[in-house]
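The residues making up each chain are set out below.
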Amino acid sequence: GENVEQHPSTLSVQEGDSAVIKCTYSDSASNYFPWYKQELGKRPQLIIDIRSNVGEKKDQRIAVTLNKTAKHFSLHITETQPEDSAVYFCAAAYSGAGSYQLTFGKGTKLSVIP
Amino acid sequence: NAGVTQTPKFQVLKTGQSMTLQCAQDMNHNSMYWYRQDPGMGLRLIYYSASEGTTDKGEVPNGYNVSRLNKREFSLRLESAAPSQTSVYFCASRKRTGNYNEQFFGPGTRLTVL
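Note that the protein sequences, when read in sequence, are chains X and L. Just so you know, the first sequence maps onto residues 1 to 114 in this note's numbering. Just so you know, the second sequence maps onto residues 1001 to 1114 in this note's numbering.
With the rest of the complex left out, here is chain X (with noise of 0.2 Å):
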């Protein structure tokens, strides 16, 4: 089966600055990967995806890029608030016919400092 592997499991980083997050898929029939965002006693929240057919995506301060060939993906957050201050997990799956699971890497913790 698919294994998702992320790093750093701890983050910190200074308002303003760029974090960075990596993840690492085993099953080169994976083709989306999304990014979940987790606040503190919260659920998990989608905040972008990239599906395989693309390198990079971008949503205004958080950018994904993908390595189809090294089989890695990353997170991408430009200017950092507090309010990004979470738990980010990785997800990668196989979208097909028959085909219904994520599997998640074990998450980072991002924390902001003002």
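If you're looking for bench data, these hints aren't it; they were derived computationally from the structure. Please read these numbers as outputs of a predicted model, since none were measured by experiment. Some hints here could point you the wrong way.
[Stated by the list, open to error] Only pairs whose alpha carbons sit at most 30 Å apart, straight line, appear in this in silico DSSO-like list of lysine-lysine:
#1 X:LYS37 with L:LYS1071
#2 X:LYS37 with L:LYS1057
#3 X:LYS71 with X:LYS37
#4 L:LYS1095 with X:LYS109
#5 X:LYS71 with L:LYS1009
#6 X:LYS68 with L:LYS1009
#7 X:LYS109 with L:LYS1071
#8 X:LYS109 with X:LYS71
#9 X:LYS71 with L:LYS1014
#10 X:LYS106 with L:LYS1014
#11 X:LYS71 with L:LYS1057
#12 X:LYS42 with L:LYS1057
#13 X:LYS22 with X:LYS42
#14 X:LYS42 with X:LYS106
#15 L:LYS1095 with X:LYS37
#16 X:LYS68 with L:LYS1057
#17 X:LYS37 with X:LYS68
#18 L:LYS1095 with X:LYS22
#19 X:LYS37 with L:LYS1009
#20 L:LYS1009 with X:LYS109
#21 X:LYS22 with X:LYS68
#22 X:LYS37 with X:LYS58
#23 X:LYS22 with L:LYS1014
#24 X:LYS42 with L:LYS1014
Chain X is fixed; fit chain L onto it per the hints.
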């Protein structure tokens, strides 16, 4: 539109007791999921239901059973609770956009087994 709802929010059980966690979604999604979240372990899939009338085991199914009661509802049952089942449980449902997944999570149930 309430999205994904879960009951109860909190529960304390004694070892050996049984209980059922309830989940419902009003988004007309076909697929539903149960995850458990433990510190440092990310989100691990317990069971999922690809469509009404079907259920399948995930990564950590031992000690649990599920019922897909109808398209809206997917319940998780602990027949004889053990301290190792102390965790936060999340239900999710899947929106299918084209050929890709997007999973929406409920607010979670925090379960403590003494």
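Tested hints:
| no. | hint | result |
| --- | --- | --- |
| 1 | X:LYS37 with L:LYS1071 | holds, 27 Å |
| 2 | X:LYS37 with L:LYS1057 | holds, 26 Å |
| 3 | X:LYS71 with X:LYS37 | holds, 22 Å |
| 4 | L:LYS1095 with X:LYS109 | holds, 27 Å |
| 5 | X:LYS71 with L:LYS1009 | violated, 38 Å |
| 6 | X:LYS68 with L:LYS1009 | violated, 40 Å |
| 7 | X:LYS109 with L:LYS1071 | violated, 35 Å |
| 8 | X:LYS109 with X:LYS71 | holds, 23 Å |
| 9 | X:LYS71 with L:LYS1014 | violated, 44 Å |
| 10 | X:LYS106 with L:LYS1014 | holds, 29 Å |
| 11 | X:LYS71 with L:LYS1057 | holds, 26 Å |
| 12 | X:LYS42 with L:LYS1057 | holds, 26 Å |
| 13 | X:LYS22 with X:LYS42 | holds, 23 Å |
| 14 | X:LYS42 with X:LYS106 | holds, 17 Å |
| 15 | L:LYS1095 with X:LYS37 | holds, 18 Å |
| 16 | X:LYS68 with L:LYS1057 | holds, 29 Å |
| 17 | X:LYS37 with X:LYS68 | holds, 23 Å |
| 18 | L:LYS1095 with X:LYS22 | holds, 26 Å |
| 19 | X:LYS37 with L:LYS1009 | holds, 20 Å |
| 20 | L:LYS1009 with X:LYS109 | holds, 24 Å |
| 21 | X:LYS22 with X:LYS68 | holds, 14 Å |
| 22 | X:LYS37 with X:LYS58 | holds, 16 Å |
| 23 | X:LYS22 with L:LYS1014 | violated, 40 Å |
| 24 | X:LYS42 with L:LYS1014 | holds, 26 Å |
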